[in-house]
Amino acid sequence: EAGVAQSPRYKIIEKRQSVAFWCNPISGHATLYWYQQILGQGPKLLIQFQNNGVVDDSQLPKDRFSAERLKGVDSTLKIQPAKLEDSAVYLCASSLIRGVPGLAIHYEQYFGPGTRLTVT
Amino acid sequence: GQQLNQSPQSMFIQEGEDVSMNCTSSSIFNTWLWYKQDPGEGPVLLIALYKAGELTSNGRLTAQFGTTRKDSFLNISASIPSDVGIYFCAGHWETSGSRLTFGEGTQLTVNP
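Those protein sequence lines, which keep their order, are chains A and B.
Residue numbers are given in this note's numbering: position 100 of the first sequence equals residue 100, and the series is strictly consecutive.
Residue numbers are given in this note's numbering: position 88 of the second sequence equals residue 88, and the series is strictly consecutive.
A hint or two may mislead.
Unchecked claim - Among the chain A residues that face chain B by a calculated CB cut under 7 Å, a handful are:
1) 2
2) 5
3) 107
4) 109
5) 113
Said to hold, decoys possible - Derived CB-CB ranges, DEER-like:
6) B:77 - A:120: 40 to 46 Å
7) A:38 - B:45: 38 to 44 Å
8) A:40 - B:16: 27 to 33 Å
9) A:12 - B:51: 24 to 30 Å
Everything labelled a hint here was simulated from the structure, so no lab data went into it.
Ideal Cβ placement from N, Cα and C applies to all residues, glycine included.
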């Protein structure tokens, strides 16, 4: 089974420029997540999609960040304009939500390799 | 938002030694997940826990869901050089739906 695909793997831009990242989730996974991981920290959720609808974007800086998942499969995350503090790894993850009677619903998330963004 | 306290922040051990790390939260969690992240890669899921008290193994790795539902432990037995990396705990607290909260990671170094 193919994993989560992301591109590009690396990007260097100047502040105030724009950048876009692409993600293709594992086939059949309805839920897609974008995370920001600053060096030395754990990933932090930016936005979550269920199919092509937004479930949670409460931690997305909406003045400069946007994301879409138009056909419920692949997704793009955009930053416009970029700031120095946006330098981080941007991770995409997907999950297949499974309900098991009597147990918690399973939300196992599988991550792509990430895009390392450097803003100069 | 909810935070997970993961400790230790870093560990330096000799090959063959056992390793223990843990995560604690002030809130009750419904699930605990343990991930490993190698440099330049995304986190890879190691073990998933769904019930209080659950003890699950994956090769030399063993993880437990604490009985208070506020903590989890990961043990690595007989460490080898390829165990080097950053280990993250993550979990869903009871009212977060599918939002996953991550700890800050434990950097493991194994000296051959």
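Against the structure, the hints:
Against a cut-off of 7 Å between C-beta atoms, the interface hint on residue 2 (chain A) is violated, since the closest Cβ of chain B lies about 14 Å away. Against a cut-off of 7 Å between C-beta atoms, the interface hint on residue 5 (chain A) is violated, since the closest Cβ of chain B lies about 11 Å away. Because the smallest distance between the Cβ of residue 107 (chain A) and any Cβ of chain B comes to about 5 Å, under 7 Å, the interface hint for this residue holds. At its closest, the beta carbon of residue 109 (chain A) sits 6 Å from a beta carbon of chain B; the interface hint therefore holds under the 7 Å criterion.
Given hint, residue 113 (chain A) at the interface with chain B, holds; its Cβ is 5 Å from that chain's nearest Cβ, closer than 7 Å. Range check, residue 77 (chain B) to residue 120 (chain A): about 44 Å between beta-carbon atoms, so the 40 to 46 Å window is met. For residue 38 (chain A) paired with residue 45 (chain B), a C-beta distance near 21 Å fails the hint of 38 to 44 Å. Separation of residue 40 (chain A) from residue 16 (chain B) is about 28 Å and conforms to the stated range, judged on CB atoms against 27 to 33 Å.
At roughly 45 Å, the beta carbons of residue 12 (chain A) and residue 51 (chain B) sit outside the given window of 24 to 30 Å.
Checked against the numbered hints listed earlier, the structure breaks hints 1, 2, 7, 9; every other hint is satisfied.
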